[in-house]
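Listed below, chain by chain, are the residues.
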Amino acid sequence: MDPRLAIIDRRLEDIGRVIAISGGKGGVGKSVTASVMALLLSKLGYRTGLLDLDFYGPSVHTILGAKPTLPEEDRGVVPPEVHGIRFMSIIHYAGENPSPIRGVDISNATIELLAVTRWGSLDFLVVDMPPGIGDTTLDAVRLMKGAEFLLVTTGSKVSLAVVRRLLSMLVELKVRVIGVLENMRMDGSSSARDEMEALGVPFLGEIEFDRGLEDSIGDVEKLMRTHFAGKLERVLGKVLSST
Amino acid sequence: MDPRLAIIDRRLEDIGRVIAISGGKGGVGKSVTASVMALLLSKLGYRTGLLDLDFYGPSVHTILGAKPTLPEEDRGVVPPEVHGIRFMSIIHYAGENPSPIRGVDISNATIELLAVTRWGSLDFLVVDMPPGIGDTTLDAVRLMKGAEFLLVTTGSKVSLAVVRRLLSMLVELKVRVIGVLENMRMDGSSSARDEMEALGVPFLGEIEFDRGLEDSIGDVEKLMRTHFAGKLERVLGKVLSST
Amino acid sequence: MHELALAEGIVATALKEAERAGLKVTKICVRMGELQQIDEELFRSVLRDIIKSEDERVREAEILFLKEEAVLRCRVCGHEWTFGESKENLSEEDVELIHFVPEMAHIYIRCPECGSPDFEITKGRGIWIEYIKGERWTPGLP
Amino acid sequence: MHELALAEGIVATALKEAERAGLKVTKICVRMGELQQIDEELFRSVLRDIIKSEDERVREAEILFLKEEAVLRCRVCGHEWTFGESKENLSEEDVELIHFVPEMAHIYIRCPECGSPDFEITKGRGIWIEYIKGERWTPGLP
Ligand SMILES: Nc1ncnc2c1ncn2[C@@H]1O[C@H](COP(=O)(O)OP(=O)(O)O)[C@@H](O)[C@H]1O
Ligand SMILES: Nc1ncnc2c1ncn2[C@@H]1O[C@H](COP(=O)(O)OP(=O)(O)O)[C@@H](O)[C@H]1O
Ligand SMILES: [Mg+2]
Ligand SMILES: [Mg+2]
Ligand SMILES: [Mg+2]
Ligand SMILES: [Mg+2]
Ligand code: NI
Ligand code: NI
Ligand SMILES: [Zn+2]
Ligand SMILES: [Zn+2]
Numbered sequence: 000m001d002p003r004l005a006i007i008d009r010r011l012e013d014i015g016r017v018i019a020i021s022g023g024k025g026g027v028g029k030s031v032t033a034s035v036m037a038l039l040l041s042k043l044g045y046r047t048g049l050l051d052l053d054f055y056g057p058s059v060h061t062i063l064g065a066k067p068t069l070p071e072e073d074r075g076v077v078p079p080e081v082h083g084i085r086f087m088s089i090i091h092y093a094g095e096n097p098s099p100i101r102g103v104d105i106s107n108a109t110i111e112l113l114a115v116t117r118w119g120s121l122d123f124l125v126v127d128m129p130p131g132i133g134d135t136t137l138d139a140v141r142l143m144k145g146a147e148f149l150l151v152t153t154g155s156k157v158s159l160a161v162v163r164r165l166l167s168m169l170v171e172l173k174v175r176v177i178g179v180l181e182n183m184r185m186d187g188s189s190s191a192r193d194e195m196e197a198l199g200v201p202f203l204g205e206i207e208f209d210r211g212l213e214d215s216i217g218d219v220e221k222l223m224r225t226h227f228a229g230k231l232e233r234v235l236g237k238v239l240s241s242t
Numbered sequence: 000m001d002p003r004l005a006i007i008d009r010r011l012e013d014i015g016r017v018i019a020i021s022g023g024k025g026g027v028g029k030s031v032t033a034s035v036m037a038l039l040l041s042k043l044g045y046r047t048g049l050l051d052l053d054f055y056g057p058s059v060h061t062i063l064g065a066k067p068t069l070p071e072e073d074r075g076v077v078p079p080e081v082h083g084i085r086f087m088s089i090i091h092y093a094g095e096n097p098s099p100i101r102g103v104d105i106s107n108a109t110i111e112l113l114a115v116t117r118w119g120s121l122d123f124l125v126v127d128m129p130p131g132i133g134d135t136t137l138d139a140v141r142l143m144k145g146a147e148f149l150l151v152t153t154g155s156k157v158s159l160a161v162v163r164r165l166l167s168m169l170v171e172l173k174v175r176v177i178g179v180l181e182n183m184r185m186d187g188s189s190s191a192r193d194e195m196e197a198l199g200v201p202f203l204g205e206i207e208f209d210r211g212l213e214d215s216i217g218d219v220e221k222l223m224r225t226h227f228a229g230k231l232e233r234v235l236g237k238v239l240s241s242t
Numbered sequence: 000m001h002e003l004a005l006a007e008g009i010v011a012t013a014l015k016e017a018e019r020a021g022l023k024v025t026k027i028c029v030r031m032g033e034l035q036q037i038d039e040e041l042f043r044s045v046l047r048d049i050i051k052s053e054d055e056r057v058r059e060a061e062i063l064f065l066k067e068e069a070v071l072r073c074r075v076c077g078h079e080w081t082f083g084e085s086k087e088n089l090s091e092e093d094v095e096l097i098h099f100v101p102e103m104a105h106i107y108i109r110c111p112e113c114g115s116p117d118f119e120i121t122k123g124r125g126i127w128i129e130y131i132k133g134e135r136w137t138p139g140l141p
Numbered sequence: 000m001h002e003l004a005l006a007e008g009i010v011a012t013a014l015k016e017a018e019r020a021g022l023k024v025t026k027i028c029v030r031m032g033e034l035q036q037i038d039e040e041l042f043r044s045v046l047r048d049i050i051k052s053e054d055e056r057v058r059e060a061e062i063l064f065l066k067e068e069a070v071l072r073c074r075v076c077g078h079e080w081t082f083g084e085s086k087e088n089l090s091e092e093d094v095e096l097i098h099f100v101p102e103m104a105h106i107y108i109r110c111p112e113c114g115s116p117d118f119e120i121t122k123g124r125g126i127w128i129e130y131i132k133g134e135r136w137t138p139g140l141p
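Each protein sequence line maps, in turn, to chains A, B, C and D. Numbering that gives the first Met the number 0 applies: residue 0 is where the first sequence begins, and numbers increase by one. Numbering that gives the first Met the number 0 applies: residue 0 is where the second sequence begins, and numbers increase by one. Numbering that gives the first Met the number 0 applies: residue 0 is where the third sequence begins, and numbers increase by one. Numbering that gives the first Met the number 0 applies: residue 0 is where the fourth sequence begins, and numbers increase by one.
Do not rely on the hints blindly, as some may be mistaken.
Derived pair list, reagent style PhoX-like, types lysine-lysine, alpha-carbon separation capped at 25 Å [what the hints assert, rightly or not]:
1) B/Lys221 <-> A/Lys156
2) B/Lys42 <-> B/Lys173
3) A/Lys230 <-> B/Lys156
4) C/Lys15 <-> C/Lys51
5) B/Lys237 <-> B/Lys221
6) C/Lys132 <-> C/Lys122
7) D/Lys122 <-> D/Lys66
8) C/Lys122 <-> C/Lys86
9) A/Lys144 <-> A/Lys173
10) C/Lys66 <-> C/Lys26
11) B/Lys144 <-> C/Lys15
12) B/Lys173 <-> B/Lys237
13) D/Lys132 <-> D/Lys23
14) D/Lys132 <-> D/Lys122
15) B/Lys156 <-> B/Lys230
16) A/Lys221 <-> B/Lys156
17) D/Lys132 <-> D/Lys66
18) D/Lys15 <-> D/Lys51
19) B/Lys173 <-> B/Lys66
20) B/Lys66 <-> A/Lys156
21) B/Lys237 <-> A/Lys156
22) D/Lys26 <-> D/Lys51
23) A/Lys66 <-> B/Lys156
24) D/Lys122 <-> C/Lys122
25) C/Lys122 <-> C/Lys51
26) A/Lys144 <-> D/Lys15
27) B/Lys173 <-> B/Lys144
Partial selection, computed: residues in chain C whose CB lies under 10 Å from chain B [what the hints assert, rightly or not]:
28) Met0
29) Leu3
30) Leu5
31) Glu7
32) Ile9
33) Val10
34) Leu14
35) Val94
36) Ile97
37) Phe99
38) Ala104
39) Glu112
40) Ser115
I should point out that these hints are in silico values taken from the structure, not numbers from a laboratory. Every residue, glycine too, gets a C-beta built ideally from N, C-alpha and C.
Please put together the full structure from these sequences, using the hints given.
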């Protein structure tokens, strides 16, 4: 028997809401959304944690400009604080080294992190998810029972095709889906709104393609002043009222 | 002993070059690159195969506007022809259903496809890879011995951080890297060229962000007339001369 | 008849092992997992045909077949069940897709207890070589 | 001392099993995999401390420890080796990172035969519960 599984619930018990930022495809803005959402929540005074579960392409630390820091040990490990957020990521252990790890090891490492991380008391834990319905998504569903999913997509056909599959899986698994956010919208392109509403999923809004975003990656002050952050704040309003 | 492993070399023996389109991050344009490159090669008269190994977010069929077709059986399975290209994808078996599969199953399914697919004689097999250094990338490296990697990245810090890790892994594994292609370039943004050349990797060129691309997804004629395809044709010139 | 591709894998593996050990193959034991739904009679005859036309190091090998029931175990609730139980609910087409790529089970099968697609195929996935036996071999000699 | 978090997992599991079976735990057998480099003495004492302060269903359980050597097997060349062989080439820092997340072995260790990071941890990864034994229990009775 795996002794870690029985303790995960207890590690998460003092957390108000766990919000997993997911979406079928890579590159749609999941990590930027997760990072900025955590910053916004923290600015609003909520006690916020941020967990990067994308072991194949951990990006949250790049976006926040955070360096790997070995977490302190105290009856487990304590997530280092970054800009007021309790931040846990595999990069604390892997650094910037390439991580050649298969799904079975990703699953094992995910369980280990969930079992030993002492988040303490939090209002929100934002989880940055990798693309797809693989080990991490299946583990999040089975191990983080109360987690709610917020899906990010672009309006592109490729991304919509993938998010549709993810959505139908989450619905089948009876996971709570907060809604779908369309990111990187360009004028003239068609919107995901109609399709998502037809599928019965709350549409949380659109965020335009923001040419200023790239320049603020790694710089939190700048990040919070972007059009992206402004728009995400409005989306967050809907999330906060969707309990 | 797994009887499938010993037969994979033989399945690939009549293929001139195997080119894996990879890159650390999702959403950088790997699938579009793989699809259009296969179309270009085929148009040039090369016998071309296209293998979609991104089981988490198979996209090639969406880009080519191809429907799932159960491959014919003939001493194995024969990839259906799509626009003159022999096209193999998990969607032939999974359809548009969500695929909740862990890495261990992805690896097993990859081995199965490689063991039973009869490509026949090909000049090129283009392989569309998923992001990261997980099961599929590790299997491609161990099972498709002669495969060469072409990496796609955007100029964004997030994408560069991830491709850097992949590159150092591939170099360590002594895999042949054809070079790096920078996609979705916007004017004013800095280029990946300098960094890649400093790392000693051939820089294959830049492809601008092409607003006409999205509209041609699923329509091969249109796709071949895009700015993207025009630019990729030049990159292909370098690939063809890099034997 | 895509089974021939797998049968070739068995012979290629046996040959490789024989060459490595400098032996001639006398026996190959093949385990057939139920999930892949391979017809035993068909597979036997295909395998015999290939062996006959192959290198003399394997040509005379005896082939032994074992059948293995497919067992699935849910990662969410721990429930264990057999493919036989799930097969009743599958269309012929679903079974055929699983025949080609057994992992497609995760698309078409759910845990009968909790409905999850997150299960492990603990036994009986597909074709496997249980063991290969050989004896000393001098090229050219019968 | 992050080990306490894992020790808590052992007690929580034992308690859960006891509740499910309506029993009181008499014995917990813990297997300690070498890869995670957990100090046995330290872990013993931590575990005993937690058990003492826990629910009466586990409070009197005897704890048995087994140690397991860590074995790695290369998926590329098939070579099998022990963590001990690789440990010589690791810095103290690398070992500490593996102590926290044993999968980090893939970042810091390579197959001694072919240099690949693509290996399986076949044995001795970390903390595991071998078995839990119990006896009939009536609440309130000693
Ligand atoms: N609204 C937007 N406008 C412009 N660029 C964006 C926007 N959202 C995300 N990006 C950029 O897109 C890239 C991918 O974003 P990321 O959050 O890493 O995606 P994912 O986590 O889904 O892979 C990053 O370079 C990011 O800066
Ligand atoms: N040069 C480009 N200009 C505009 N859009 C692009 C360009 N390259 C790719 N795209 C779009 O970006 C999205 C992701 O492309 P895709 O090939 O699926 O990426 P990946 O396979 O790396 O995840 C798609 O919607 C695609 O149409
Ligand atoms: Mg991300
Ligand atoms: Mg892709
Ligand atoms: Mg069906
Ligand atoms: Mg080191
Ligand atoms: Ni068949
Ligand atoms: Ni410790
Ligand atoms: Zn179940
Ligand atoms: Zn090796």
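For the pair supplied as a hint, lysine 122 of chain C and lysine 86 of chain C, is the alpha-carbon distance within the 25 Å limit? Satisfied, since the Cα-Cα distance of roughly 16 Å is no more than 25 Å.
Proposed proximity, lysine 66 of chain D with lysine 132 of chain D (alpha carbon, max 25 Å): holds, 19 Å
Does lysine 122 of chain D pair with lysine 66 of chain D here, judged by a C-alpha cut-off of 25 Å? holds, 11 Å
So, as I understand it, the hint says leucine 5 of chain C touches chain B; can you test that by seeing if any CB pair is closer than 10 Å? holds, 6 Å
Within 25 Å, alpha carbon to alpha carbon, are lysine 221 of chain A and lysine 156 of chain B? holds, 15 Å
What's the verdict on lysine 15 of chain C and lysine 51 of chain C, does the C-alpha distance respect the 25 Å limit or exceed it? Measuring from Cα to Cα gives roughly 17 Å; hence the hint holds.
Pair hint lysine 42 of chain B and lysine 173 of chain B, alpha-carbon separation not exceeding 25 Å: violated, 32 Å
CA of lysine 122 of chain D to CA of lysine 122 of chain C, is that 25 Å or under? holds, 20 Å
Does isoleucine 9 of chain C hold up as a contact with chain B if the rule is Cβ-Cβ below 10 Å? Holds. Min distance 4 Å.
Under the criterion of a CB-CB separation shorter than 10 Å, is serine 115 of chain C in contact with chain B as hinted? Hint on serine 115 of chain C: holds, closest Cβ of chain B at ~8 Å, below 10 Å.
Please work out if lysine 15 of chain D and lysine 51 of chain D have their alpha carbons no farther apart than 25 Å. holds, 17 Å
Lysine 173 of chain B paired with lysine 144 of chain B [C-alpha distance capped at 25 Å]: holds, 11 Å
Comparing the model with each numbered hint stated earlier shows that hints 2, 19, 21, 25, 35, 39 do not hold.
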